[in-house]
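> Here are the chains, one letter per residue:
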Amino acid sequence: MAEALVLRATGLHAGYLGQEVLRGAGLELPTGCRLALLGANGSGKTTLLRCLSGAHRPSSGTVEVAGNRLGSGRGALREHRRRVQLVLQDPDDQLFSADVSQDVSFGPMNLGLPPDEVRARVRESLALLGVSHLAERPTHQLSYGERKRVATAGAVAMRPEVLLLDEPTAGLDPAGVHEMLAALERLIAQGTTVVLATHDVDLALAWGEQAAVVLDGTVRQGPVTDILADQTLLAAARLHRPWPLELAARLGLGVAPRHLDDIVTALTTPH
Amino acid sequence: MAEALVLRATGLHAGYLGQEVLRGAGLELPTGCRLALLGANGSGKTTLLRCLSGAHRPSSGTVEVAGNRLGSGRGALREHRRRVQLVLQDPDDQLFSADVSQDVSFGPMNLGLPPDEVRARVRESLALLGVSHLAERPTHQLSYGERKRVATAGAVAMRPEVLLLDEPTAGLDPAGVHEMLAALERLIAQGTTVVLATHDVDLALAWGEQAAVVLDGTVRQGPVTDILADQTLLAAARLHRPWPLELAARLGLGVAPRHLDDIVTALTTPH
Amino acid sequence: MHIAEGFLSPAQCAIWYAASAPFVVHGARAVIAESRKSPENKLLLAAAGAFTFVLSAIKLPSVTGSSSHPTGTGMGAILFRPPVMAFLGSVVLLFQALLLAHGGITTLGANVFSMAIAGPWAGYGVYMLCRKARLPWYAGVFGAMFFADLVTYCVTSLQLAIAYPDAGSGLLGSLAKFLGIFAVTQVPLAVMEGLLGVLVFRFLSRV
Amino acid sequence: MRLSSVDDAAWASPWRRRRVGEKAALSLGLVLTALVAPPWPGTVLVSLVALAAILGPARIRPTVLTRVMTPPLVFILIGAASVAVGLGAPAADSRLLWQWGPLSLSHEGLARCAALTGHGIAGALALMVLATTTPMVDLITSCRRLRIPDPLLEVASLTYRLLWVLLTTAIGIRQAQAARLCDAAPLRRRIEATGDAVGAVLVRSWDQARRLEEGLAGRGYESSLTTLPLDRPASTRFLAASATALAGIWALVWLTVRHG
Chain Z
0 MAEALVLRAT GLHAGYLGQE VLRGAGLELP TGCRLALLGA NGSGKTTLLR CLSGAHRPSS
60 GTVEVAGNRL GSGRGALREH RRRVQLVLQD PDDQLFSADV SQDVSFGPMN LGLPPDEVRA
120 RVRESLALLG VSHLAERPTH QLSYGERKRV ATAGAVAMRP EVLLLDEPTA GLDPAGVHEM
180 LAALERLIAQ GTTVVLATHD VDLALAWGEQ AAVVLDGTVR QGPVTDILAD QTLLAAARLH
240 RPWPLELAAR LGLGVAPRHL DDIVTALTTP H
Chain G
0 MAEALVLRAT GLHAGYLGQE VLRGAGLELP TGCRLALLGA NGSGKTTLLR CLSGAHRPSS
60 GTVEVAGNRL GSGRGALREH RRRVQLVLQD PDDQLFSADV SQDVSFGPMN LGLPPDEVRA
120 RVRESLALLG VSHLAERPTH QLSYGERKRV ATAGAVAMRP EVLLLDEPTA GLDPAGVHEM
180 LAALERLIAQ GTTVVLATHD VDLALAWGEQ AAVVLDGTVR QGPVTDILAD QTLLAAARLH
240 RPWPLELAAR LGLGVAPRHL DDIVTALTTP H
Chain X
0 MHIAEGFLSP AQCAIWYAAS APFVVHGARA VIAESRKSPE NKLLLAAAGA FTFVLSAIKL
60 PSVTGSSSHP TGTGMGAILF RPPVMAFLGS VVLLFQALLL AHGGITTLGA NVFSMAIAGP
120 WAGYGVYMLC RKARLPWYAG VFGAMFFADL VTYCVTSLQL AIAYPDAGSG LLGSLAKFLG
180 IFAVTQVPLA VMEGLLGVLV FRFLSRV
Chain D
0 MRLSSVDDAA WASPWRRRRV GEKAALSLGL VLTALVAPPW PGTVLVSLVA LAAILGPARI
60 RPTVLTRVMT PPLVFILIGA ASVAVGLGAP AADSRLLWQW GPLSLSHEGL ARCAALTGHG
120 IAGALALMVL ATTTPMVDLI TSCRRLRIPD PLLEVASLTY RLLWVLLTTA IGIRQAQAAR
180 LCDAAPLRRR IEATGDAVGA VLVRSWDQAR RLEEGLAGRG YESSLTTLPL DRPASTRFLA
240 ASATALAGIW ALVWLTVRHG
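Chains as they are written, first to last, in numbering that gives the first Met the number 0: chain Z, 0 to 270; chain G, 0 to 270; chain X, 0 to 206; chain D, 0 to 259.
Same shape as in the complex, but just chain Z:
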């Protein structure tokens, strides 16, 4: 690809307790690209995210951020983690401080920043995620959607170049989904490259520029409308075609709509 890659993984093999989950998986993430990552439960989607973030060491293969290869040394791992942050699906397995501000300040404090700078970062991250009003609240009193956004703020406070999100919208009500996606827009506008792992093919189509599907331990990547129109690939990955593409195919529209608006345009514009 001609664009600059912010993150690149090649030939990843990884697993747990002797079982290999990834068998030669690779991924190329251009700077600023919105990548939707898809795959059934147990496909290795989360393992891939964990390898990319440095949380899981692959048995072979390489991961690079902006050309710097993630080595086995402590310093390299530290530098990698500063640049790539992962937010897992369940916020209860990630929030550990008594109150929201404290939790978000954890990363910046570990970077050794002066207190004023830490406070500024906490304010900024909470504002980006739209949860400034929760700053003083105890974490375990928040709703599920609020906890998810606070957990994301904790990662954002590290000012990562790449943010990997595992199912950021799962379990949220429509308003919660809307708020989470709005927060992601603000992050992207700030220059963060976002990878969104999801089971929701409609969301992947509407949100992503590229899509990647984890299947049989490897990754198939491409423009979102190509990948999500590939019936063979989708069936193998136990996914289905998003409804706009399905409808377009059934009606023989000859376009690849990503939203309801695209469908309306295609149907109401005279040929």
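Hints may be right or wrong, so weigh each one.
Covered, in the sense of this in silico footprint (three residues per stretch, anywhere, with C-beta under 8 Å from a C-beta of chain D), are these stretches of chain X [to be verified]:
1. 100 to 109
2. 175 to 181
3. 191 to 197
The hints are simulated quantities; they were obtained by calculation from the structure and are not laboratory data. Here a beta-carbon is modelled for each residue, glycine too, at the ideal position from N, C-alpha and C.
Use these hints to put chains G, X and D onto chain Z, whose structure you have.
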């Protein structure tokens, strides 16, 4: 309504720690009707389900199953629970045994059935939910979707007349959603009346016959295509119109499609 | 440190089982009484047991470079009282023996005595003394955690010394050896566990 | 969540369907033999029989057994080494090999060290016969026959269920802390982070207990958590084979002692 009601609630007031969540909520569930229950986070959807199942005692109002009013006595409550079972969103809040079969056997054992009858019910419930192969597995090794189906099997083993499901498809991958919905079809075919609480308006439209929206502590109930086309109601409940209804409205189709098929038919059939 | 299976003679196993039994039975009675009071208590007790297991699996920040875990006996004693800890601690030690191969079945009596009885009671005693002396709460918590950890290891060393007296210098020589190996390396860990206890109770006061 | 190799093995073992009592009889018979029998050849024979059972019919992979046996081996070796070394004036009749200050090493010390290592390894392996073939819950459920009061067994089996939920949280939190560069922070911050993690897990444990109580109330939980009793066929062949193995060990021990 003319049909026989299997469950009816009227004038429910309920809440926690002095905060009233339900303020005069009511619901009428005809026997065999598929009811989709909608509502934003914190709207009182789960509280309503808990009142209907007898897990939460409302401060006023009545709940009846097949004409029998749920009283405050232990015997009445036990009888009510035998007939109405609730499956919570998080399976870890219901699964207490490390062994799948033993967990599912809990309800039937409480009914005082002989061991052979209990074993038969366990087998039957696991088969209905399509998880017979998990009978000997430990709960903690199962995936989230598997745990959800096992938790549902635990409720089904009581052979309830009404099954209340809180977000049965949330957090599942498309194949998991498909399997859960297929399991519900088998239960409905057996005569169980199912209430499905969800955030997913598209699912509610495709699956439900009736829909009920919890808003401001009360319930608005009606045919699914009426309720989910009501823009004012949906906006107040922080929901949006399902895409088939939205598309039909934008294209001025003059029908109320519930699935992609309905749209295709409407568009390809000459007027 | 759990005494491994096969390490104690049958007579010693029996003696430590006998020494622990009254405490564990007393604790079991307390657990039965609590769970009869309300069905919710059974779940709270189980959560306490699970927490104790998980606590002992959490790695402490390494000072010496080797990995080490808290005993958690002092925290359990303050939170759940020593009688209940005698029972829950026994369950946790049984789990550790069979799930992690830490400890054993014949040595369970000895391990229960050091980790579920001696440690918790010592910690609880120190905690109550500090409260009587009106010392600040963190002194009591630190003291309880510190002494519970240290006493646990001293009792384990004593148990090993009784089992294997030194050929020349006898029980005392052997005790010196085992204390030297286990307890002295344990002092920084006991300090760490004391600090951890203070931080955890400070955390609880804020949520 | 898979965190314990022993637990994984126990759930997957073909011996899971055997009666807990039968497995316990074999395992405890071996454990007691490992304790009582002379180190040579008793503990060696126990180790061999236990290894044969675990790797043979119970079909546990050697790598799993190695992983499982590492922690007890470390303890056994440290303990045995400290027994081998004498402190202070050595006993009058001991045959010294080496002496340095108050420390000494004698033939007798080495013999005691070898015996202890033999007892320890044999005992640990014998216990693994039960541990790698029997899930904790089966063991707890079968304790009903020993007339242990139900509330105690229920607390124990709930503890087993809840510990996986809490372990998942604890591991998740520790990894989240590592991802946000906790490992690179000064010691003081690392201790504080550990305190936060423990506190968060404790709060989570109370919360989980409350939620599970509500969930179980809906399933009809009033005072007891009765489930199906385990239905396992008895096997006289298994008992006979176990008895033969134990008798064989003792016969060989007797022969060796008599002729040795």
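> Would you check chain D against the stretch 100 to 109 of chain X, counting CB to CB pairs closer than 8 Å, and say if three or more residues qualify?
holds (count 5)
> Please count how many residues of the stretch 175 to 181 of chain X have a CB within 8 Å of a CB from chain D and say whether that reaches 3.
holds (count 4)
> Apply the coverage criterion to the stretch 191 to 197 of chain X and chain D: a residue qualifies when its Cβ sits closer than 8 Å to a Cβ of the chain, and three qualifying residues are needed.
Per the Cβ count (4), the hint holds.
Violation of the numbered hints given earlier is absent; every hint is satisfied by the structure.
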